[in-house]
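K.L.:
Spelled out from the first residue to the last, the chains are:
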Amino acid sequence: MNDTKMTCPLQTDNADVLLDYCARVLDPERKAMLELHMAHCADCREMAEAQTQIWAAMDLYDAEPISADFDRKLYAKIAERETVPVWERLRAPVREYLQGQPAWKPVLSIAAASAALALVFLVRNDVPAPVAPSAIVIDVREVEQAERALEDIEMLRQLDAPVVTDSSQKDVL
Amino acid sequence: MMAVATLERDAELMLRVREGDTESFTLLLERHRSPVIHFLYRIVQNQSVAEELAQEVFLRVYRSRANYEPTAKFTTWLFRIASHLALNWIRDRRHERGQESLDQETQDGMVRQVSDRGVSAEHALVRESKFEEIRRAIQGLPEKQKAAVLMHKYEEMEYSQIAAVLECSESAVKSLLFRAYESLRARLAHMA
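In order, the protein sequences belong to chains A and B.
Count along the first sequence starting at 1, add 56, and that's the number in the numbering used here.
Count along the second sequence starting at 1, add 41, and that's the number in the numbering used here.
Any given hint could be a false lead.
Straight line, CA to CA, 30 Å or less: simulated BS3-like cross-link-like pairs of lysine-lysine [said to hold, decoys possible]:
(1) Lys87/A with Lys187/B
(2) Lys171/B with Lys187/B
(3) Lys129/A with Lys187/B
(4) Lys87/A with Lys61/A
(5) Lys171/B with Lys185/B
(6) Lys87/A with Lys185/B
Simulated coverage check for chain A against chain B, where a stretch passes if three residues somewhere in it have a Cβ under 8 Å from a Cβ of chain B [stated by the list, open to error]:
(7) 109-115
(8) 123-131
Heads up, incomplete: computed chain B residues facing chain A, CB under 10 Å, no partners named [as the list claims (entries may be wrong)]:
(9) Arg74
(10) Ile78
(11) Tyr82
(12) Glu92
(13) Glu97
(14) His164
(15) Arg168
(16) Tyr200
(17) Val214
(18) Phe219
(19) Tyr222
(20) Met232
Rather than coming from a laboratory, the hints here were simulated on the basis of the structure.
Note that CB positions come from ideal geometry on N, CA and C, so glycine has one too.
Sequences and hints are given; from them, build the entire structure.
P.N.:
Laid out in structure tokens, this is it:
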């Protein structure tokens, strides 16, 4: 309490004391201690002077006047949002949450893509399924018909063929 | 003492909003409209964008009324929403426009009027020139340092509250502020 000595704020990572001093929010006791310290510390004195000037100069950075219809626009947005369909309102917080969670975005995309692929497979399996067996049936029938035709041709050829005698065989030879 | 009273008042109003009292929302809006818009303006450097973002801030506050619990200071919550929106807007803008500076934004979007408060034109020009230098110096700071400085200097927030808004430790805020003011002192040394 009665210790009026202060270790140098710049050498002890306590520069916030100097910032508070320049912002005029330092309590009277610490202010007095700091001023006592600055009387002997050129670094702190220099920093405080520069900071005070910057602090004052920053007052020039004033803001713009607010539009007269700010509240009207806000209430219009609120009214609009309050009449949004329930499903949209339920979707919005999820979307907002996901927007704040960048790590989940790729996972969500992959999940969505997987779901879409699964759906495509399901649909494709449903539709061509009845077609495939009938295609096979047609192929089998075609083969059977072809075989039967060949057998018929062979049989006809045998019926039409001339009777071979020993003499004719001799002629051919 | 003042901080506690403010917390109680804002939280009390928000709890009334939760109960369906829209008048209390109007009171909250009146109390915090200007600080939020001014904070956003100094970050995004465009008044119409600042107002758009501020509307989104208050819209989110209103929409969150049903789940509101006074676990933190109301202004901490309010400025956390505002900071997130503003920093996201800046990041999105950067992605859209590359590294195009916000200086261009100001030139495109609006030409700041030199307010004539009974001073001569020459004085006003000097003032405007200084304003421009300070604006550029602040805009040149990294995002978190900028937000910390704006809350510290213009909203007079305590370190603990800035830490809560930026979701970092109090010592990290002190470090951010020290580095930010160090940069500003270096950049604006000629003005001293």
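K.L.:
Broken hints, numbered, in rising order?
P.N.:
Number 14 only.
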